[in-house]
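Enquirer: Below are the chains, spelled out letter by letter.
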Amino acid sequence: MQKETKKQVNRLRGFTLVELILVVGTIALVAGALVGLISNSYRDWTLGSNRSTLLQDGQAVMEQMVRILRQAKAVSAVSQSTDQAGSITFTSVDNITEQFKLNAQTGELEYGPTGSLSALTGSVNNLVFTCYDINGNVLTGSVSTINIQSVGIEITLADGTNSFTLPGRVLCSTDLPVVINEIMYNPTGTDTTREWVEVYNTGATAVDLAGWTIWTGNPSYADALISHLQFGDGSTTIPAGGYAVITANTTTVYTELITNGGFESASLTAWVRSPTGSWSRTTGDPHGGTRKFQSTVSGATSVYQQITIPSGYTSVLFIFWEKTTALVAQTQITATIRNTSNVILATGYSGQMSSAWTCHTMNLTAFAGQTVRIYFSTNKSTTGGALYLDDISVAYSYVGIDAVRLSVPNTTIGNGLANTTDTVAVVNGSITIDSVTYSSSWGGDGDGTSLARINPLGPSNGQSNWTSGPQNGTPGRVN
Amino acid sequence: MNRNHKTYTEKRRKGFVLVLTLFAALILAALIIAFTNITSINLTLVKNYMYSSKAYYIAEAGVADAINQICQNGPLSDTQWENTFPPNTSDTYNVSVSQNSTVINSTGLASVSNFSRTLEVKVSITGSSSPYQVNISQWKEITQ
Numbered sequence: 004m005q006k007e008t009k010k011q012v013n014r015l016r017g018f019t020l021v022e023l024i025l026v027v028g029t030i031a032l033v034a035g036a037l038v039g040l041i042s043n044s045y046r047d048w049t050l051g052s053n054r055s056t057l058l059q060d061g062q063a064v065m066e067q068m069v070r071i072l073r074q075a076k077a078v079s080a081v082s083q084s085t086d087q088a089g090s091i092t093f094t095s096v097d098n099i100t101e102q103f104k105l106n107a108q109t110g111e112l113e114y115g116p117t118g119s120l121s122a123l124t125g126s127v128n129n130l131v132f133t134c135y136d137i138n139g140n141v142l143t144g145s146v147s148t149i150n151i152q153s154v155g156i157e158i159t160l161a162d163g164t165n166s167f168t169l170p171g172r173v174l175c176s177t178d179l180p181v182v183i184n185e186i187m188y189n190p191t192g193t194d195t196t197r198e199w200v201e202v203y204n205t206g207a208t209a210v211d212l213a214g215w216t217i218w219t220g221n222p223s224y225a226d227a228l229i230s231h232l233q234f235g236d237g238s239t240t241i242p243a244g245g246y247a248v249i250t251a252n253t254t255t256v257y258t259e260l261i262t263n264g265g266f267e268s269a270s271l272t273a274w275v276r277s278p279t280g281s282w283s284r285t286t287g288d289p290h291g292g293t294r295k296f297q298s299t300v301s302g303a304t305s306v307y308q309q310i311t312i313p314s315g316y317t318s319v320l321f322i323f324w325e326k327t328t329a330l331v332a333q334t335q336i337t338a339t340i341r342n343t344s345n346v347i348l349a350t351g352y353s354g355q356m357s358s359a360w361t362c363h364t365m366n367l368t369a370f371a372g373q374t375v376r377i378y379f380s381t382n383k384s385t386t387g388g389a390l391y392l393d394d395i396s397v398a399y400s401y402v403g404i405d406a407v408r409l410s411v412p413n414t415t416i417g418n419g420l421a422n423t424t425d426t427v428a429v430v431n432g433s434i435t436i437d438s439v440t441y442s443s444s445w446g447g448d449g450d451g452t453s454l455a456r457i458n459p460l461g462p463s464n465g466q467s468n469w470t471s472g473p474q475n476g477t478p479g480r481v482n
Numbered sequence: 098m099n100r101n102h103k104t105y106t107e108k109r110r111k112g113f114v115l116v117l118t119l120f121a122a123l124i125l126a127a128l129i130i131a132f133t134n135i136t137s138i139n140l141t142l143v144k145n146y147m148y149s150s151k152a153y154y155i156a157e158a159g160v161a162d163a164i165n166q167i168c169q170n171g172p173l174s175d176t177q178w179e180n181t182f183p184p185n186t187s188d189t190y191n192v193s194v195s196q197n198s199t200v201i202n203s204t205g206l207a208s209v210s211n212f213s214r215t216l217e218v219k220v221s222i223t224g225s226s227s228p229y230q231v232n233i234s235q236w237k238e239i240t241q
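Taken in sequence, the protein lines are chains A and B. Numbering follows the numbering used here, with no gaps: position 439 of the first sequence is 442. Numbering follows the numbering used here, with no gaps: position 144 of the second sequence is 241.
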């Protein structure tokens with residue numbers, strides 16, 4: 004009995020301290036290991052989940068960029084910067100100027116019409132564009148968009164712990180929005196120096212035709228397009244929705260109304276001067292040719308020429324160049340249009356004269372059918388230098404007043420367009436921007452009319468999109 | 098007899114609890130290890146998918162390069178070239194053009210992981226002068 008009781012006591016006794024420490028220590032070790040495992044797993048799970056989200060965002064945005072840029076009609080600007088300022092501007096398939104741009108402040112990739120961008124995705128750390136030329140070489144420095152054949156994209160997404168880069172490359176459309184829009188291949192009478200071709204920029208951004216060529220009949224005989232000698236301001240850029248009229252450089256595309264506007268002739272009877280003899284033709288430092296008009300008379304002087312502007316023309320342009328040899332504030336010039344009673348109808352320019360040859364222009368189309376005076380009033384300070392005028396012109400034309408005029412040095416355009424059938428092509432580098440193989444059966448065949456494209460966005464080849472234009476055509480204007 | 102039976106039952110109960118506790122601990126540990134493995138595999142999967150996607154885009158860039166060459170030069174004789182893409186990285190695409198430029202094979206290689214993916218693109222070429230028109234008739238991924 005006593006033995007039994009002792010056994011029971013033994014069985015009921017507690018644990019020793021050593022036992023407890025061992026048990027608690029073991030449990031702590033196991034729990035610690037498990038907590039570590041769970042903690043690592045949770046961290047990996049979060050990492051994977053975030054990385055997956057980033058990757059999906061990156062893929063979605065890359066595919067959207069590639070799709071939109073593939074459809075774009077033309078790239079108009081690319082920032083190839085390797086910092087966070089990467090951007091690309093382009094004409095969309097809907098003729099809207101759109102942009103992809105990284106907003107460095109918010110880390111958002113933005114897209115939309117320029118000036119109205121909205122965020123596509125955030126967490127973008129870097130956006131880099133690389134431009135490639137026609138041979139697949141990387142274009143560096145200041146890139147002319149005309150030379151861009153494809154664009155590489157690198158988009159880096161990051162969220163603090165994850166960071167990865169997706170690359171892409173898009174072939175850009177070489178279908179620049181410039182089309183051959185009207186052809187005068189068989190004007191009435193002789194064709195020599197009277198043929199012309201009009202091209203039209205259907206896009207939303209300006210296109211510079213510098214370095215472009217045009218050929219007719221045979222691509223081996225392509226001529227460079229250069230700024231036209233007449234009315235030329237040196238520009239070869241067609242603004243959005245604008246026109247360029249291409250002629251031979253010997254083609255007269257306007258008729259001059261001013262007599263002896265360059266003062267190359269000794270006869271100054273067309274110019275009425277006050278005081279008489281205040282203005283005279285002199286040599287030295289002319290704007291063009293060998294002579295200029297000069298006045299050294301202090302105080303007020305005037306000179307005018309009376310002309311009659313015919314009606315029925317779409318473009319009448321007044322141009323003059325002025326300069327003073329020593330500029331003082333009081334030396335002023337005013338160019339006005341007056342009627343035969345000297346009543347001012349319009350003012351072309353009024354202000355200080357310039358210390359270098361400076362051109363001023365005015366559209367006189369509104370005065371068609373009227374007799375007017377091209378009237379210059381000057382006021383020379385006694386301390387100021389001599390006053391110069393040169394290359395004064397009022398010319399009328401059937402070419403639109405805002406059209407860019409381009410010419411070719413040879414007679415490719417001028418008398419080179421065949422009257423039965425021929426091919427005209429406008430080329431940038433080795434890329435044919437547009438070409439048309441016309442036939443006399445399409446229209447514009449020797450009756451004074453042009454061959455006019457019906458829909459600029461329609462097909463270039465095929466009779467269905469071409470018809471006869473009006474008499475003399477509509478060069479530099481809408482068909 | 099009764100006491101002996103009681104002692105035996107107590108002993109059995111004590112053993113049962115121990116086994117149950119050990120079993121539960123084992124299950125818990127197994128679950129935690131499984132979860133750890135799953136998260137680890139998931140992380141690897143995402144990483145692989147990332148490099149795989151990158152390799153695909155690089156292969157696409159190779160196709161774009163080939164189409165550009167054909168657009169400018171017309172049908173090429175059977176040829177092969179390798180370029181880094183993007184420039185100044187160690188990622189590359191390897192392009193081969195065959196069958197009178199009607200078949201383009203492009204393999205993109207993401208160098209970090211050595212992931213590669215290959216695209217086979219069949220095209221037809223029209224036009225008699227640059228730019229030739231290249232129409233894609235088939236675009237598929239192939240295994241090498």
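It is possible that some hints are incorrect.
Within a straight-line C-alpha distance of at most 20 Å, the following computed SDA-like cross-link-like pairs (lysine to any residue) qualify [to be verified]:
| id | chain 1 | residue 1 | chain 2 | residue 2 |
| --- | --- | --- | --- | --- |
| 1 | B | 144 | A | 126 |
| 2 | B | 237 | A | 62 |
| 3 | B | 144 | A | 168 |
| 4 | B | 144 | A | 43 |
| 5 | B | 144 | A | 33 |
| 6 | B | 144 | A | 291 |
| 7 | B | 144 | A | 27 |
| 8 | B | 144 | A | 122 |
Simulated from the structure, these hints should not be mistaken for lab results. Treat the numbers as computed from the prediction; the structure is a model and nothing was measured.
Enquirer: Going back to the hint list, which numbers does this structure go against?
Expert: The structure conflicts with hints 5, 6, 7, 8, although it agrees with all the remaining ones.
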